[in-house]
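Protein chains in written order, with the working numbering: chain A, 4 to 362; chain B, 4 to 362.
Mixed in with the good hints, there may be bad ones.
Since the list gives no way to pick one copy over another, a pair counts as held whenever it fits inside one copy or between any two copies.
As the list claims (entries may be wrong) - The list that follows gives simulated cross-link-like pairs (lysine-lysine, BS3-like), each with its CA atoms no further than 27 Å apart:
hint : residue 1 : residue 2
1    : K332      : K178
2    : K63       : K254
3    : K333      : K294
4    : K166      : K145
5    : K105      : K324
6    : K80       : K254
Quick caveat, the hints were computed from the structure, so don't treat them as lab data.
Since the model is a prediction, treat every value here as computed from it, not as a measurement.
There are 2 protein chains.
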Amino acid sequence: MFKMNYTKTLMTAAACSAVLAMPTMAADDKVYRLKLAETWPSNFPIFGDAPKNMANLAEKMSNGRLKITIDSKNKHKAPLGVFDMVRSGQYDMGHSASYYWKGKVPNTLYFTTMPFGMTAPEQYGWFYHGGGQELMDEVYGKYNLMSFPGGNTGNQMGGWFQKEINTLDDLKGLKMRIPGFAGEVLAKLGAKPTNIPAGELYTALERRTIDALEWVGPSLDLRMGFHKIAPYYYTGWHEPATELQFLINKKKYDKLPADLQQILKTAMRTAAYDMYIQSYHASGENWASMKTEFPNIQVKSFPANVINAMRTANDELLAEKAAADPLAKKILDSQSAYMSKSRAWTDISDKAYLNSLSK
Amino acid sequence: MFKMNYTKTLMTAAACSAVLAMPTMAADDKVYRLKLAETWPSNFPIFGDAPKNMANLAEKMSNGRLKITIDSKNKHKAPLGVFDMVRSGQYDMGHSASYYWKGKVPNTLYFTTMPFGMTAPEQYGWFYHGGGQELMDEVYGKYNLMSFPGGNTGNQMGGWFQKEINTLDDLKGLKMRIPGFAGEVLAKLGAKPTNIPAGELYTALERRTIDALEWVGPSLDLRMGFHKIAPYYYTGWHEPATELQFLINKKKYDKLPADLQQILKTAMRTAAYDMYIQSYHASGENWASMKTEFPNIQVKSFPANVINAMRTANDELLAEKAAADPLAKKILDSQSAYMSKSRAWTDISDKAYLNSLSK
Numbered sequence: 004m005f006k007m008n009y010t011k012t013l014m015t016a017a018a019c020s021a022v023l024a025m026p027t028m029a030a031d032d033k034v035y036r037l038k039l040a041e042t043w044p045s046n047f048p049i050f051g052d053a054p055k056n057m058a059n060l061a062e063k064m065s066n067g068r069l070k071i072t073i074d075s076k077n078k079h080k081a082p083l084g085v086f087d088m089v090r091s092g093q094y095d096m097g098h099s100a101s102y103y104w105k106g107k108v109p110n111t112l113y114f115t116t117m118p119f120g121m122t123a124p125e126q127y128g129w130f131y132h133g134g135g136q137e138l139m140d141e142v143y144g145k146y147n148l149m150s151f152p153g154g155n156t157g158n159q160m161g162g163w164f165q166k167e168i169n170t171l172d173d174l175k176g177l178k179m180r181i182p183g184f185a186g187e188v189l190a191k192l193g194a195k196p197t198n199i200p201a202g203e204l205y206t207a208l209e210r211r212t213i214d215a216l217e218w219v220g221p222s223l224d225l226r227m228g229f230h231k232i233a234p235y236y237y238t239g240w241h242e243p244a245t246e247l248q249f250l251i252n253k254k255k256y257d258k259l260p261a262d263l264q265q266i267l268k269t270a271m272r273t274a275a276y277d278m279y280i281q282s283y284h285a286s287g288e289n290w291a292s293m294k295t296e297f298p299n300i301q302v303k304s305f306p307a308n309v310i311n312a313m314r315t316a317n318d319e320l321l322a323e324k325a326a327a328d329p330l331a332k333k334i335l336d337s338q339s340a341y342m343s344k345s346r347a348w349t350d351i352s353d354k355a356y357l358n359s360l361s362k
Numbered sequence: 004m005f006k007m008n009y010t011k012t013l014m015t016a017a018a019c020s021a022v023l024a025m026p027t028m029a030a031d032d033k034v035y036r037l038k039l040a041e042t043w044p045s046n047f048p049i050f051g052d053a054p055k056n057m058a059n060l061a062e063k064m065s066n067g068r069l070k071i072t073i074d075s076k077n078k079h080k081a082p083l084g085v086f087d088m089v090r091s092g093q094y095d096m097g098h099s100a101s102y103y104w105k106g107k108v109p110n111t112l113y114f115t116t117m118p119f120g121m122t123a124p125e126q127y128g129w130f131y132h133g134g135g136q137e138l139m140d141e142v143y144g145k146y147n148l149m150s151f152p153g154g155n156t157g158n159q160m161g162g163w164f165q166k167e168i169n170t171l172d173d174l175k176g177l178k179m180r181i182p183g184f185a186g187e188v189l190a191k192l193g194a195k196p197t198n199i200p201a202g203e204l205y206t207a208l209e210r211r212t213i214d215a216l217e218w219v220g221p222s223l224d225l226r227m228g229f230h231k232i233a234p235y236y237y238t239g240w241h242e243p244a245t246e247l248q249f250l251i252n253k254k255k256y257d258k259l260p261a262d263l264q265q266i267l268k269t270a271m272r273t274a275a276y277d278m279y280i281q282s283y284h285a286s287g288e289n290w291a292s293m294k295t296e297f298p299n300i301q302v303k304s305f306p307a308n309v310i311n312a313m314r315t316a317n318d319e320l321l322a323e324k325a326a327a328d329p330l331a332k333k334i335l336d337s338q339s340a341y342m343s344k345s346r347a348w349t350d351i352s353d354k355a356y357l358n359s360l361s362k
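Sequences and hints are given; from them, build the entire structure.
Encoded structure:
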């Protein structure tokens, strides 16, 4: 506890602190309307709350001068077309996740989360104080786009498994729904990543069409019902701090007056942080519900040899990307240097604290 | 990774998404000026950046209609008079810490951090989704005050020690600068909490006038130089997530137009989160500097028997407070119930992740 040494004397030369009102220049009183396309379906919990929260804050703070309407994928039908639709100006804004665009712009991969990467506060530190935002500007600027943090899910669980993973052999041939870069890491170890439509996942896991799957964590897994049909819930390694994304068409942004630009940026920044806290909250609530309903869920962490093999595979894949692209190298080096400092702090602060309580 | 199943078809019925401008009602164009008293000295790092960040955001978002000036303790001379000065209307706002007012309003103790309490994301969850803000409203509302989260330091270190603490006997007679409630906990175990002016702490520790002290953590300890004169840096137990506070005189707040109220609330909320991330960042940076300069600093955690005795002492003190005051009981019960759910999530998410990497 920092505490000032003080004298309890109140101010003698009393400062006049009335709320004073005086005239100023007339504000721009036009209404600016922006259209946002989100990757999510209508009323998708948590992810979909972030743009709603943002739009609501922007409208209230601007006294109605900035109105943002949100189209879900049910409306625009192109959940993974958000990048293109905002780039072209068909939409002014988007809410999605940067790593969805890696097939189009490979270096977008690095602005969501990385296997064995930073935790949420570490990664926010990188974005806001460690050069992360500037690197994201560099990647997106070429496409007439601005990208900002759009809300964090927190640490994602490693997934639901029908059988225990005790050795590397258990990964061989493992049919697992795990899309994206993490799937590439597992494939290097002999697993068979598969993609299955969301609506068919429950049945696929129940009927053992797949041996395992990962989705998000308790915050969004509860409604999927996987805890009813798979005994093992593995802790996370592949998405330690999944940060969604607000996208803006830069030309549209540039046309806003300065106060509305600041309102928009602050609304996005707050909504992103707020989603992190909402996710944390929902995870605690939903995990309690799962355990109450199914007390036999077994939480497991992958054993050290499996974790180490995954890390090695991950490092090898990233080394290939760094060797092939100087900007990828620059981003990966920045993350690696930042993480080594911030993790050293995490280790002696939150980690040491949490571990000291379970001795 | 959550991923939508999608069709890559772009919208055919192209939505017209231009930035449209149309006239609206003229906004209230008065300039509202608020005066804020902070507990900190001028240009105090991190803590003092939170109200500056807040005021800057408010001014820009309001296009200059909301101007907040900040007086440091160098100006108002009453760092621990902030509660009274805002209550009386001498200042419109304050930036301080709720637990500073426990001698005046005992239940303010619970809105900063508690020994063995919640981590930062857990506690933000409690404030924003678990009833914490409403309880804070209940405590402060009686005094014509509104209080909001004002920035988190993250986990504070247990402090700098001249000797190791291996047994409970090592705490007996230990002269330690540790103010506030945590000092009461240690006193129950035979330690001698002392208060010493900030400017004399370095010399007191160097000359062994005190055996130990706690301040904040690397973010603010580095400039104090304690790492040069004490060999042991203990990990934290007493302030796992110290949240500072924005105070507002409610009558002054009520006079603001609705858009400026929302701007003010959002600016405070963002500045609070931002300070958490800034603290995290500075902790990583400064801890790296300390280790580079003094590679022999030994990081220690209190052994299990000491931690357990501290927890028991803490529980006993809190039970006394709960027994004496129904509102204290209500707050403590709320925190305890919330923490048990959110900690269960922390344990299988961030904690499990961090521990799996050090196997």
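Now for the hints, and whether the structure bears them out:
no. : hint        : result
1   : K332 x K178 : neither (32 Å within a copy, 51 Å between copies)
2   : K63 x K254  : both (24 Å within a copy, 21 Å between copies)
3   : K333 x K294 : between (43 Å within a copy, 26 Å between copies)
4   : K166 x K145 : neither (46 Å within a copy, 57 Å between copies)
5   : K105 x K324 : within (12 Å within a copy, 55 Å between copies)
6   : K80 x K254  : within (24 Å within a copy, 49 Å between copies)
Violation of the numbered hints given earlier is confined to hints 1 and 4; the remaining hints are satisfied by the structure.
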